[in-house]
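**Student:** Going down the list, the sequences are from chains A and B. So the number in our numbering is just where the residue sits in the first sequence, counting from 1, plus 1. So the number in our numbering is just where the residue sits in the second sequence, counting from 1, plus 1.
You can't tell identical chains apart in this list, so a pair holds if it fits in one copy or across any two.
Below, a list of computed lysine-lysine pairs in the DSS-like style, where the Cα atoms sit at most 30 Å apart: (1) 16 <-> 49; (2) 99 <-> 119; (3) 119 <-> 49; (4) 9 <-> 57; (5) 59 <-> 119; (6) 59 <-> 16; (7) 99 <-> 179; (8) 49 <-> 9.
Simulated from the structure, these hints should not be mistaken for lab results.
Protein chains: 2
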Amino acid sequence: MGDGASLKSEFVAFKTNRIVEAASRLFYERGYSSCTLDHVAAELGVTKPFLYSYFKNKESILAAICELGIREALTALEQVMAADHASHRDLLAQVVAKVGRIVIHRQEYVVVYQREMKHLSSADSDRILRMRASFDHQIGNLIRDGVNAGEFEADVDPFVSVWIGGLISWIPTWYSRKGQRSAEEVIEHLVQASLRLAGAN
Amino acid sequence: MGDGASLKSEFVAFKTNRIVEAASRLFYERGYSSCTLDHVAAELGVTKPFLYSYFKNKESILAAICELGIREALTALEQVMAADHASHRDLLAQVVAKVGRIVIHRQEYVVVYQREMKHLSSADSDRILRMRASFDHQIGNLIRDGVNAGEFEADVDPFVSVWIGGLISWIPTWYSRKGQRSAEEVIEHLVQASLRLAGAN
Numbered sequence: 002m003g004d005g006a007s008l009k010s011e012f013v014a015f016k017t018n019r020i021v022e023a024a025s026r027l028f029y030e031r032g033y034s035s036c037t038l039d040h041v042a043a044e045l046g047v048t049k050p051f052l053y054s055y056f057k058n059k060e061s062i063l064a065a066i067c068e069l070g071i072r073e074a075l076t077a078l079e080q081v082m083a084a085d086h087a088s089h090r091d092l093l094a095q096v097v098a099k100v101g102r103i104v105i106h107r108q109e110y111v112v113v114y115q116r117e118m119k120h121l122s123s124a125d126s127d128r129i130l131r132m133r134a135s136f137d138h139q140i141g142n143l144i145r146d147g148v149n150a151g152e153f154e155a156d157v158d159p160f161v162s163v164w165i166g167g168l169i170s171w172i173p174t175w176y177s178r179k180g181q182r183s184a185e186e187v188i189e190h191l192v193q194a195s196l197r198l199a200g201a202n
Numbered sequence: 002m003g004d005g006a007s008l009k010s011e012f013v014a015f016k017t018n019r020i021v022e023a024a025s026r027l028f029y030e031r032g033y034s035s036c037t038l039d040h041v042a043a044e045l046g047v048t049k050p051f052l053y054s055y056f057k058n059k060e061s062i063l064a065a066i067c068e069l070g071i072r073e074a075l076t077a078l079e080q081v082m083a084a085d086h087a088s089h090r091d092l093l094a095q096v097v098a099k100v101g102r103i104v105i106h107r108q109e110y111v112v113v114y115q116r117e118m119k120h121l122s123s124a125d126s127d128r129i130l131r132m133r134a135s136f137d138h139q140i141g142n143l144i145r146d147g148v149n150a151g152e153f154e155a156d157v158d159p160f161v162s163v164w165i166g167g168l169i170s171w172i173p174t175w176y177s178r179k180g181q182r183s184a185e186e187v188i189e190h191l192v193q194a195s196l197r198l199a200g201a202n
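With the rest of the complex left out, here is chain A (with noise of 0.2 Å):
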């Protein structure tokens, strides 16, 4: 850190960030059909070409906003599973809440994924769909494991896994900053409603 390189790589990446959170903010409230490469440069107060230098099409922006979310819950997911743990009720307790507060900390990026993800390229629909697959696959797994380890109770399916999905993906549809709900209580519901469906309780 702090040579040449790795400051332009830094740089890159702010920009790219940048790029990013301006689209994700424009097509959030006009819709990505209604907007252009042209309203996203002017938000930024930068050029069209220095757009491409970034990103080859407005379709990759739009893929860098639907990857995001899943790509941090991926990361948040593989962080607990390294640390300490004291039992797989514990695990999912954590890993729901971590995932849960990144949906509502992303809930615009999430919204633009879930109204707009018919726009992507296949190549990148497959990939986020892969990306979610492993996802809900890893917490079946762990619920697997729970029931395994006489935690959960016996009759749970790991496809629950697909329910606490949508629990946490359901969030940004109903949750309003404004509500009468704090973010964390919220999260404190979401995980007893996880750990009700994993047969936790």
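With the hints as your guide, set chain B onto chain A.
**Tutor:** For chain B alone, coordinates are given in the frame of chain A:
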């Protein structure tokens, strides 16, 4: 029934349904913003003035699409509530199964609603959100009654109705008719998951 007036209103309902059906397919496949009333008219082999005799504008067709699933869900809820039932557990299982089947049957409409709701007028959006809130509220009451009757676990918060609504609403995102699981398997899983969430296992 059978007189001229009711036959006429049947014709109107039939034509309205056909318009909503064709528009839903187009909005689902191409996105609302990319579709014009010309596309809808061409799809049906009718003129644009024909469409205007049934709908004020493109947005009012979208509103009809978005309203359809939740209207059918509320009707199903009322029917189940009005019929005999052995227990609150039974009541919840029946409602969730019925509404789950509606959501699978109306998959395209629900997906269009979730993707395109931001294009609704605020009057239509508010009306549909009130219908959704009424559904969640009635499920919340059912759960409260079940807790008071000692059928559901005492520490279950009626707010869990929002999570159950989430499970149901999430199905169209991941369920595929060509997938590994039949619709009835999905419904069975949905009922089990909802009963777990309500502490009614």
